[in-house]
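Visitor: Residue-level listing of the chains:
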Amino acid sequence: KNEVEQSPQNLTAQEGEFITINCSYSVGISALHWLQQHPGGGIVSLFMLSSGKKKHGRLIATINIQEKHSSLHITASHPRDSAVYICAVQRFQGGSEKLVFGKGTKLTVNP
Amino acid sequence: DTGVSQNPRHKITKRGQNVTFRCDPISEHNRLYWYRQTLGQGPEFLTYFQNEAQLEKSRLLSDRFSAERPKGSFSTLEIQRTEQGDSAMYLCASSHTPRGAIYNEQFFGPGTRLTVL
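Chains E and S, in that order, give the protein sequences. Under my numbering, the residue at position 103 of the first sequence is numbered 103, and the numbers go up by one with no gaps. Under my numbering, the residue at position 116 of the second sequence is numbered 116, and the numbers go up by one with no gaps.
Bound conformation, chain E alone (with noise of 0.2 Å):
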């Protein structure tokens, strides 16, 4: 089993649907991030938690440490949200700070 699970693995959405994408793990953590992928392969973050709920533009992440879960919200979407969104947990272990990688959730938000 994989440290980190991500569900769905794809999704489709209409523009302007709320989306949901949710990250489980299995391991205790020290932070726990969001990572956008556009087709060609960059990667963005998003945003790093350790705790409760940010907040930028349209987009919301919130992590409960207790039930090792977290979500990555997007209110009001729209193509240009059409991406892979990548959950990572990072552990610390001896200092390397690495980050352990879910698969990733392919959205389409169809206009």
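Do not take every clue at face value.
[Unchecked claim] Covered stretches of chain E, going by a simulated chain S footprint (3 or more residues, C-beta under 8 Å):
| id | segment |
| --- | --- |
| 1 | 42-50 |
| 2 | 81-90 |
| 3 | 97-108 |
Hints in this document: simulated from the structure, not taken from any laboratory. Just so it is clear, CB atoms sit at the ideal spot from N, CA and C, and this is done for glycine as well.
Please build the complex by placing chain S on the supplied structure of chain E, with the hints as guidance.
Guide: Frame of chain E, contents of chain S only:
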């Protein structure tokens, strides 16, 4: 552009050839990470540097792989005797991580896509 850059962006090679990729991190970032991503999967950790010191290597990094960061700035990743299974996107990320920090924000480059024929 002051972001992380990687060269080349694409590399096609024949099985058995050696390839080398370069990563230029954000200036003054002390940590540099290499990840590998195969189609439909999330990235996987390969190795990381604290300044010029290579401090951790994944068991994914076979003897055919070697990485360097000679002056604590840019890094190179070399794959010798490439195999078809090496075909992947190779991603570099950098961060400024203060001593004692337990997490950091990593800034990713655009990646180098390797195709081994």
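Visitor: Next, verify each hint and record whether it holds.
Guide: Against the structure, the hints:
1. Check on the segment 42-50 of chain E: 6 of its residues sit with their Cβ under 8 Å from a Cβ of chain S, so the three-residue criterion for coverage holds.
2. Chain S is given as covering the segment 81-90 of chain E, and this holds because 3 residues of the stretch bring a CB closer than 8 Å to a CB of that chain, at least three being needed.
3. Given as covered by chain S, the segment 97-108 of chain E passes the check, having 8 residues with a CB less than 8 Å from a CB of that chain where 3 are the minimum.
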